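Visitor: Dock chain B against the given chain A, drawing on the hints supplied.
As they're listed, the protein sequences go chains A and B. Take 1352 as the starting number for the first sequence in the working numbering and just add one per residue. Take 1352 as the starting number for the second sequence in the working numbering and just add one per residue.
No lab work stands behind these hints: they were computed from the structure. Source: prediction; values computed, not measured. Don't take every hint at face value.
[To be verified] No more than 20 Å apart at the CA atoms, straight line, and that leaves these computed lysine to aspartate or glutamate pairs for DMTMM-like: (1) Lys1685(A) to Glu1718(A); (2) Lys1685(A) to Asp1740(A); (3) Lys1685(B) to Glu1618(B); (4) Lys1795(A) to Glu1563(B); (5) Lys1474(B) to Glu1563(B); (6) Lys1795(B) to Asp1528(A); (7) Lys1795(A) to Asp1528(B); (8) Lys1795(B) to Asp1740(A).
Okay, here's what each chain looks like letter by letter:
Number of protein chains: 2
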Amino acid sequence: MTADLPDLPDLAPLRAALPEGVLVTDPARLETYRHDRARDPGAGTPVAVALVTSTDDVCAVVRWAAEHRVALVPRGAGSGLSGGASAVDGGLVVSTERMRAITVDPVTRIAVAQPGAFNAAVKAAAAEHGLWYPPDPSSYEFCSIGGNVATNAGGLCCVKYGVTTDYVLGMTVVLADGTAVSLGGPRLKDVAGLSLTKLFVGSEGTLGIITEVVLRLVPAQRPPATLVATFPTLDGSTAAVLDISRRLRPSMLEFMDRYTINAVEDETRMGLDREAEGMLVIQSDEPEQHADAEVALITEICTGHGAEVFATSDPGEGEQFVVARRMAIPAVEKRGSLLLEDVGVPLTALGDLCRGMAAISAAREVEIAVIAHAGDGNTHPLIVFDPADADQSARAQQAYGEVMALAIRLGGTITGEHGVGRLKRDWLPDYLGPDALALNQRVKAALDPLGIMNPGALL
Amino acid sequence: MTADLPDLPDLAPLRAALPEGVLVTDPARLETYRHDRARDPGAGTPVAVALVTSTDDVCAVVRWAAEHRVALVPRGAGSGLSGGASAVDGGLVVSTERMRAITVDPVTRIAVAQPGAFNAAVKAAAAEHGLWYPPDPSSYEFCSIGGNVATNAGGLCCVKYGVTTDYVLGMTVVLADGTAVSLGGPRLKDVAGLSLTKLFVGSEGTLGIITEVVLRLVPAQRPPATLVATFPTLDGSTAAVLDISRRLRPSMLEFMDRYTINAVEDETRMGLDREAEGMLVIQSDEPEQHADAEVALITEICTGHGAEVFATSDPGEGEQFVVARRMAIPAVEKRGSLLLEDVGVPLTALGDLCRGMAAISAAREVEIAVIAHAGDGNTHPLIVFDPADADQSARAQQAYGEVMALAIRLGGTITGEHGVGRLKRDWLPDYLGPDALALNQRVKAALDPLGIMNPGALL
Chain A
1352 MTADLPDLPD LAPLRAALPE GVLVTDPARL ETYRHDRARD PGAGTPVAVA
1402 LVTSTDDVCA VVRWAAEHRV ALVPRGAGSG LSGGASAVDG GLVVSTERMR
1452 AITVDPVTRI AVAQPGAFNA AVKAAAAEHG LWYPPDPSSY EFCSIGGNVA
1502 TNAGGLCCVK YGVTTDYVLG MTVVLADGTA VSLGGPRLKD VAGLSLTKLF
1552 VGSEGTLGII TEVVLRLVPA QRPPATLVAT FPTLDGSTAA VLDISRRLRP
1602 SMLEFMDRYT INAVEDETRM GLDREAEGML VIQSDEPEQH ADAEVALITE
1652 ICTGHGAEVF ATSDPGEGEQ FVVARRMAIP AVEKRGSLLL EDVGVPLTAL
1702 GDLCRGMAAI SAAREVEIAV IAHAGDGNTH PLIVFDPADA DQSARAQQAY
1752 GEVMALAIRL GGTITGEHGV GRLKRDWLPD YLGPDALALN QRVKAALDPL
1802 GIMNPGALL
Chain B
1352 MTADLPDLPD LAPLRAALPE GVLVTDPARL ETYRHDRARD PGAGTPVAVA
1402 LVTSTDDVCA VVRWAAEHRV ALVPRGAGSG LSGGASAVDG GLVVSTERMR
1452 AITVDPVTRI AVAQPGAFNA AVKAAAAEHG LWYPPDPSSY EFCSIGGNVA
1502 TNAGGLCCVK YGVTTDYVLG MTVVLADGTA VSLGGPRLKD VAGLSLTKLF
1552 VGSEGTLGII TEVVLRLVPA QRPPATLVAT FPTLDGSTAA VLDISRRLRP
1602 SMLEFMDRYT INAVEDETRM GLDREAEGML VIQSDEPEQH ADAEVALITE
1652 ICTGHGAEVF ATSDPGEGEQ FVVARRMAIP AVEKRGSLLL EDVGVPLTAL
1702 GDLCRGMAAI SAAREVEIAV IAHAGDGNTH PLIVFDPADA DQSARAQQAY
1752 GEVMALAIRL GGTITGEHGV GRLKRDWLPD YLGPDALALN QRVKAALDPL
1802 GIMNPGALL
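The following block holds chain A by itself, in its conformation from the complex (with noise of 0.2 Å):
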């Protein structure tokens, strides 16, 4: 873990290139940067954190470390989820902290930002101009852009609204040898030349670095209203969201189970019902009589399935229970340490994905709390377990393994949203397969021949 350097790598020449102040050594600072919030056991300790302010000084990182084979780790908010921002000893952290410029074109409908900018302040600064960035990741108050962009972020809306990628057309990006390039741009349509923003979308910081991001904004969400069917049985609720799901298209559609909505009741008190197996929290942001329309129908389909009801066309009474899924994760922590997963199938798998977990909470012993982006099919399983029980700590890390490869067989995805990182890296080759692994190889060896970019990580 402590970092054993015999042939530590030469700073100097790097501060030299660097502004002042950018390059960071001193241990007690360089501690808050070895982990991002997935708390990687295997996190290493970097040699040095450059604080970068601009792609100059991205590609004066790079050139050093291609020169001395330096690995670097390239991180936004560290706020992601699969240890992607864990450092590795004698590596290099590359902080966009301090870039976090946004401007906002209303007339072509573009931002332009920098990596580091929150979500939240992109969302923030297209309102001013009546405009929309959707990606809403649950951290969206306290993770970058970048970091969206390089896992290719989603969150509760994309079940109306699509993921990050569906937003990006353009970036500028540091490649392994230290040459920076613009790619795409502010155009709606493109295509002269291979789709390569696209290709570093979801790229995880293995085959560059991104200072700057091209993002297509829409015109502002109608205020929205809100529907809470909580159901007796777990069937019911994923029956109802396969019966919603073949009729329309809400702007929302998440997923808590029991586990989850007593954790999250113990934090608000906001009178959950704690019996039920299920619990969904559906938005229509149509124009007013076609959600009225839609919460109408979508209220017949739940109860059909023996839930009740609670709608509301008040935003602010509806903002409060989608707070309370936001929370989820953090109530869910209160009860123990966690393995978070991530886990998407195709929406008619839902059911038996849900029935599986539970039974490997069964036979693992451990509990397994179950939030969903449910319209999408992705969901985020918490294994709860108490890191002092070694015992009860391995059979977590068995049901951990365990929920990826039921997903893989019911023919879905180890990673919907949060990026594979370091910790569920063991699982790729077999959600991949062995041909379309070997193409991810053969592009990260294109482009970084020398390996140091993220090395690690996603592959």
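Guide: What follows is chain B alone, placed relative to chain A:
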């Protein structure tokens, strides 16, 4: 032009590896596979055409081609406008015209289509379930979905609904060594591994041959209201486009200049204003009252810029004007041979682009008809010339390059939706710059080291 092939590859093992009738070598039939709709004068003559019926057939073809170093040219419906499917001398054309199966899952809102299926057939299959596949190239009735994905095709709805890549969730692709790989799948969210699906979208057959695509569908579009505005001045029309885009999000925002209006009027006699310098065809697919409000506001904006406006909420009546817009290219084609441009600029540069093209037209003494997907800044200048007039043909060719150079100067792209193909390849380096070009070449070399995949196209 005609093939002089000293070392003709041995077709016998390929014929043996393919089902009866797949391999075509009859010279008369080969002739019909030399060109796509771009009528590239540099098109060669293939040694054979493989009318593949399955992914396995494509694998067999590519394995044989890799062994014998034979160039492969993938071909969908042959409707491409950039010569991306021009045959090469001694090469083999891989036509997907027999692979047209489409299946739709209405619950997950997914279509799985073989590459030879027409775009219109995908739309029809989706419509059977009340669903919609938005991308709508003007050629949607006779272009293939495989070609759409290979070029990341656009269309008229993109101004509100985005381009082909926004709807591609996965694919099966045969790589340059003959291995078939499955990428992505029927999941709205999937970030496990690099975004290779998106890399193949828009790769114009230069990285592999797509044999199946997984497409995201959305609920059926509402019947649109239509508005036609004719402007006495070109500046009035481009100013209106900016004002509309600043405040609204129409589902269609198309432009025709005076030359095009007259060519279309010659064909249709529908009473278009032959004196107008610009005409916009605009649609709103918002719910009824909201569409009325949008149409009223757009009317106000257009009349404020001097336009005569005709509006209708009757979808059939509105469709006549969309048909008129779609027939612009064939109508102009009756006036002479065409060099078809596809330049796009940031919306704010649309006026400068139009004025610049008028100057090029005057300087080179060739007519340039301008149609445009104005709402996303994507224009199709049509350079009209008499191929029997060598001097005029040369001036048209000069103008062709000058229009692309102008677009680059204005921060735009040389191709918004048609692809680079073989006709625009010479301008790609100027557009991309040396670093982005080198990055393109590095990815190409990694995935197609023998250079057999559509050589001469794109890169």
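Visitor: Confirm or reject each hint.
Guide: These are the hints, each one checked on the structure:
| no. | hint | verdict |
| --- | --- | --- |
| 1 | Lys1685(A) to Glu1718(A) | 13 Å, holds |
| 2 | Lys1685(A) to Asp1740(A) | 16 Å, holds |
| 3 | Lys1685(B) to Glu1618(B) | 10 Å, holds |
| 4 | Lys1795(A) to Glu1563(B) | 25 Å, violated |
| 5 | Lys1474(B) to Glu1563(B) | 16 Å, holds |
| 6 | Lys1795(B) to Asp1528(A) | 18 Å, holds |
| 7 | Lys1795(A) to Asp1528(B) | 18 Å, holds |
| 8 | Lys1795(B) to Asp1740(A) | 51 Å, violated |
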